[in-house]
Structures are given as structure tokens and as C-alpha cells.
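The primary structure of each chain is shown beneath.
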Amino acid sequence: MYKIGVRIMPRAEVLDTQGRAVGMTLKSKGFQVMDCKVGKFVILQIEGESPAHARAQATKISEDLLCNTLIETFQIEELP
Amino acid sequence: MSDKIGVLRFPGTNCDWDIYKAVEWSGAKPTFLWHQDTFNVEDYDGFVIPGGFSYGDYLRSGALAAHAPAMDSLRTAAEKGYPIFGVCNGFQILCEAGLLPGALMRNAGLRFIDQMIEIETQNSHKRFGLKLKKNQKSRMPIAHADGRYFVTDDELKKIQDNDQVYCTYVANPNGSAGNIAGVMNAKKNVVAMMPHPERAIYEWMGSSDGQLYFRN
Chain G
343 MYKIGVRIMP
353 RAEVLDTQGR
363 AVGMTLKSKG
373 FQVMDCKVGK
383 FVILQIEGES
393 PAHARAQATK
403 ISEDLLCNTL
413 IETFQIEELP
Chain R
69 MSDKIGVLRF
79 PGTNCDWDIY
89 KAVEWSGAKP
99 TFLWHQDTFN
109 VEDYDGFVIP
119 GGFSYGDYLR
129 SGALAAHAPA
139 MDSLRTAAEK
149 GYPIFGVCNG
159 FQILCEAGLL
169 PGALMRNAGL
179 RFIDQMIEIE
189 TQNSHKRFGL
199 KLKKNQKSRM
209 PIAHADGRYF
219 VTDDELKKIQ
229 DNDQVYCTYV
239 ANPNGSAGNI
249 AGVMNAKKNV
259 VAMMPHPERA
269 IYEWMGSSDG
279 QLYFRN
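Chains as they are written, first to last, in our numbering: chain G, 343 to 422; chain R, 69 to 284.
Bear in mind the hints are in silico, worked out from the structure with no lab data behind them.
Since this is a predicted model, take the numbers as computed values, not measurements.
Any given hint could be a false lead.
[Claimed, not checked] Estimated spans, in silico, between C-beta atoms of each pair:
{"id": "1", "chain 1": "G", "residue 1": "S392", "chain 2": "R", "residue 2": "G80", "range": "18 to 26 Å"}
{"id": "2", "chain 1": "G", "residue 1": "I388", "chain 2": "R", "residue 2": "G95", "range": "50 to 58 Å"}
{"id": "3", "chain 1": "G", "residue 1": "K402", "chain 2": "R", "residue 2": "D222", "range": "41 to 49 Å"}
{"id": "4", "chain 1": "R", "residue 1": "G95", "chain 2": "G", "residue 2": "T367", "range": "46 to 54 Å"}
{"id": "5", "chain 1": "G", "residue 1": "A363", "chain 2": "R", "residue 2": "N230", "range": "32 to 40 Å"}
The beta carbon of each residue, even a glycine, is placed where N, CA and C say it ideally should be.
With the hints as extra help, turn the sequences into a complete structure.
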């Protein structure tokens, strides 16, 4: 069993309304924040023969459902 | 004339009866189709995906609904050229399913917008809006938080050049690319829009301009 994290972020060229709203609130509270982006983090428990196999599965899952690659990007990392 | 129209239902669909009544008003025969079941596409003449908040808009609006068993059948129907019409969440689901180009994102102004708006027809559709004329204006409500249509600049040009733009906003309420309120696929059988024509059937609703979107 492998624990895989999928980090999903809005693409740079896409307006990140959530990040903008959070950033504006932080600025209004006086925090020195130049930019703010908000994404998602998904943790998957995957049965696999090897870490590489589990990562490949997670990539497939991300492309199929977790991430809309038109507007988002994703990164996969193995978690302890 | 008495077309059989399948109306898809997901957990969280809430415009199902409005669509049902509008389809019935048009003289066609509506039948509800449950998201967990596949269906025989030959039993119908067309399909509608109503608005709502399928699966609570989890992950992204329409993302989970796009992978429901009923959508496998709908994909077959799309490939066979059946007319398919999505409204609001139905638009989001069809984009997530890859049956329409683009994606619908949070409104640029961040707010849920619920108001009467005006749209302009760009291209008519063979079943849902055959009698709509180019530049014809219609009044009907919008009610969405995720209605900002996004496509890459290249794709936008492609759908404009290929006459796939169904309707545009007269005054863009949500930051949609190209003022787009509704689009079609390249084959022009799948069509969807964010505004709600089913909520503008009778004058007492504030407008009856939605009639032309259902009447064959």
C-alpha cells in the first residue's frame, strides 16, 4: 500500500478567483502578501507492486478525474 | 412531433421538473433517466441535462456527474449524433465529460448571480432552438456561481470560426471568454447554455422567450 499525494493548482494563465479573494483578505488584514494561489490536495491510498506503479496509477487517476488539465495542473508525490 | 426526450437526473439536480414541464409544454414526451443506470439510446430522440448542483459540486462543478454510468450511454448518443441539450449544471457536466469544449469556472466577480439577463443567438441548433435567428435577443434568468466560460485563445477562435457559439451575453455578467453563454460541439448535435430557458416559458415567469429553445 502506498500513500500518494496529488497537488492540484489552477494554471497560471487562468484567473484564480479563490486565491485572489484570500489574498485580498490577507492584504486587508495588513499581511505583506504579494500573491496568493489556492488549490487542492488529495491523498490516495493505492495498492501497487512498486512505488513507480503506484505513481503511475495516481497519474492516471489525476488525468481521468482529479484534475481538469485545461484549467489545472497536478503534481504527484509519495507520502510517508 | 412527439419526440421522446430523456432527462438525466443526478443527486443534486434541482431543475429536473422545470425541464420536464418545458419539454412537455413543447409537445415532446419527457422521461427521467437516473444517473446510476445506463439506458438504450434508441429509445429516445434527444436528451437534456438539467441544472442543479450534482454531487454537491464536489471537486469541480459537474466533474463527478461526468463519470456516472448514465453518461456512458449519453456519450454513445453523442457519438451517434443524437441532439443533447445541457442547461447550467448540465453545461458544466458536458464540458467535464469532454463532450463540449472549454470549462466553467467561478464567476469573475466571485458572487453567485441570480438575475434576469439578455442573450443573443449566434447560431441555431437543429433540435433545441431551430427557429432562433442570428442576433435574436432573448430574456431569461441566470443562476450560477461557476458560469465563467474558459477556453484557450486558440480554441476560442476555432469555435467562433466553426460557428459553434450558440449564444452570447449582451452584457457579460461573469467574465466569460468571448461573452459566451452557450456553445455547441464540432458536430453541432451537443449544445449547452448557462442561462435557464426552462424558467422563461410563460409570461408570468417574467419572460416567455425560453419557448424557442424547446419547441422543435
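Structure-based check of all given hints:
| no. | hint | result |
| --- | --- | --- |
| 1 | S392(G) <-> G80(R): 18 to 26 Å | violated, 39 Å |
| 2 | I388(G) <-> G95(R): 50 to 58 Å | holds, 52 Å |
| 3 | K402(G) <-> D222(R): 41 to 49 Å | violated, 27 Å |
| 4 | G95(R) <-> T367(G): 46 to 54 Å | holds, 52 Å |
| 5 | A363(G) <-> N230(R): 32 to 40 Å | holds, 35 Å |
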